[in-house]
Amino acid sequence: MGMYNEKVMEHFTNPKNTGVIENADAVGTYGSPVCGDMMEISLKVENNVITDAKFRTFGCGSAIASSSVATEMIKGRTLEDALKLTNQNFVDELGGLPGAKIHCSVLAEQAIKTAIYMYAKEHGLELPGLEGFDPDSEFDHEDGEEDES
Amino acid sequence: MREIYLDYSATTPVKQEVLTEMLPYFTGKFGNPSSLYQKGYEAKEALSLARARVAELIGALEKEIYFTSGGTEADNWAVVGTAKSRKSKGNHIITTKIEHHALLHTCKQLEKEGFDVTYLDVDKSGLISLKQLKDSITDKTILISIMYANNEVGSIQPVREIASIAKEKGILFHSDAVQALGNVPINVKDLGIDLLSVSAHKIYGPKGVGALYVRKGLTITNLLQGGGQEYKRRAGTENLPGIVGFGKAAQLAGENLDNHITTITELRNYFLAEIQKRIPDVDVNGGMVHRLPGNLNLVFNYVEGEAMILYMDMKGIYASTGSACSSASFSASHVLAAMGLPVEKAYSSVRFTLGDFTTKDDIDFAVNEITMIVEKLRSISPFDKEHDMETAQNCNCPA
Ligand SMILES: Cc1ncc(COP(=O)(O)O)c(C=O)c1O
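The listed protein sequences correspond, in order, to chains C and P.
Every number in this note's numbering is 406 more than the matching position in the first sequence, counting from 1.
Every number in this note's numbering is 1205 more than the matching position in the second sequence, counting from 1.
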């Protein structure tokens, strides 16, 4: 049924890790309602490891579903490892998104980067994967059109 | 699963009486109306009855109705046909920013071919200003094309006043009445309209049939070249089953018009009242006065429209974001933008359109589900009354 597979629909209707972490160690927002989607992510970080992640998203079905898998995937990862994740990893984890909807998963990647960037800045960390990253810059990620799996 | 269809402006189901009348024209009565033998004659009679019925619904003469493949073709023909036939008189066309793409894209094409087009603004109710219309007229203006009623917000334009302005200046007036047909009383003679587009599938007739009304005595250039059908104005063997269905649907629409308007308006108002009772922070796009009976276009603040549609779809409730065509193109509605609605609110907008098969029970069911869906999506949204969408950071998203 419909344009999304079952896994996407499951993450859309029962998203994991929604809400805001009280006393979060890092918060990142990316996107804007003016573009039709925005994600806010809050992280708990201990010894450079993401121990908890929660999100709130204004966006379409694939934006919500990719926010949900993304928070699942970063939990337990080191900051460096989390920075290696791209939107394609989230799309793969979801079992694919329709071509025109791939770009919605970039939101999660960028929101995570933004949160980690904020954290790194506050703690004076130099992290590989953040060189040249500017949370306020135009998005510069390629939309993967192919739908593997 | 229970299905609640609230997208009658996208299309309507064919009514049983309509289908029953159409069926013989696929099989036993399959003749070509142009043939000279009995079978052809029988088809020609059916064609003529359908024409009379459509004519009656809009107060036209039978000979002023030319069947087409739908509203899109009628719009294209009206604008291109007028532009071509009147180009020695001028190259200026006036339309609005909220037309259907069948009209807007046709105008864009004409602009490439050297025509000038003025796109009139609308106010927050989705209505044009007659003053701006008058001020836009030049001695080069050959056509005013303004839709009767809008497909997204249901705004009904002051068609009578527009017609009289056009007439006074000797300019042709075309109106796209695809959404208005069967939902408001239309009388082209009384109103003074020169060209009018209509379509069958919005009034419980089949898809792929429409008509252009062309006022008696007026000739515009043909769109299609070919055989001599439709009084030599629209070539191609007639889609007879479709046309017969359009005729029957038009007859029923005429008979039911008063009842349809009263019933649907009441149901729509009940729907709105229930939503407003149950869900906080919902705005209505457009005004409630000059509005199609079944149209309700709502802003569910803090949630995104496509997520709403997807969730409703899972519950068997069918509605649309913006207009049906823009839901594939991921851009905010040009109609809501023209009405001055901030983009973020346009992204939170959902259009519901009620029709003849909608019941109060459907509405109660839908309101319950919608209430839960909005609560759920709001619970995961970064926005609420305190964190308004307008104050959020600027766009850093993919262009
Ligand atoms: C206002 C308006 N004009 C034109 C059309 C196109 O009509 P059709 O689908 O018959 O080509 C539509 C239908 O989507 C419409 O709503």
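In case anyone wonders, no lab produced these hints; they're calculated from the structure.
Hints may contain errors.
[Unchecked claim] Non-contacting residues of chain P with respect to chain C, defined by C-beta distances greater than 10 Å in every case (computed): (1) Ser1330; (2) Lys1421; (3) Gly1441; (4) Asn1464; (5) Tyr1516; (6) Ser1584.
[Said to hold, decoys possible] Distance condition first, Cα-Cα at most 25 Å in a straight line; then the derived DSS-like pairs of lysine-lysine: (7) Lys481(C) - Lys1581(P); (8) Lys1329(P) - Lys1550(P); (9) Lys1329(P) - Lys413(C); (10) Lys422(C) - Lys1313(P); (11) Lys413(C) - Lys1550(P); (12) Lys1520(P) - Lys422(C); (13) Lys1550(P) - Lys1520(P).
All residues carry an ideal CB built from backbone N, CA and C; glycine is no exception.
Results of checking the hints against the structure:
No beta-carbon of chain C comes within 10 Å of the beta-carbon of Ser1330(P); the shortest separation is about 24 Å. Residue placement check: Lys1421(P) keeps its beta carbon more than 10 Å from all beta carbons of chain C (closest about 48 Å). The non-interface label for Gly1441(P) is consistent with chain C: the shortest C-beta to C-beta separation is roughly 35 Å, beyond 10 Å. Once the 10 Å rule is applied to beta carbons, Asn1464(P) is consistent with being away from chain C; the minimum gap is 36 Å.
Not every beta carbon of chain C lies more than 10 Å from that of Tyr1516(P), the smallest distance being close to 7 Å; the non-interface claim is violated. For Ser1584(P), the non-interface assignment is contradicted: its Cβ lies about 7 Å from the closest Cβ of chain C, within the 10 Å cut-off. With a C-alpha separation of about 24 Å, the suggested pair Lys481(C) and Lys1581(P) falls inside the 25 Å cut-off, and the hint holds. With a C-alpha separation of about 13 Å, the suggested pair Lys1329(P) and Lys1550(P) falls inside the 25 Å cut-off, and the hint holds.
Distance hint between Lys1329(P) and Lys413(C) is unfulfilled; the C-alpha atoms sit about 41 Å from each other, more than 25 Å. Taken as a hint, the Lys422(C) and Lys1313(P) pair is broken in the structure, with Cα atoms around 46 Å apart against an allowance of 25 Å. With a C-alpha separation of about 29 Å, the suggested pairing of Lys413(C) with Lys1550(P) is violated against the 25 Å cut-off. At most 25 Å may separate the alpha-carbon atoms for a hinted pair to count; Lys1520(P) and Lys422(C) meet this at roughly 21 Å.
For a cut-off of 25 Å, the pair hint linking Lys1550(P) to Lys1520(P) stands: about 24 Å separates their Cα positions.
Going down the numbered hints, you'll see the structure goes against 5, 6, 9, 10 and 11, while the others check out.
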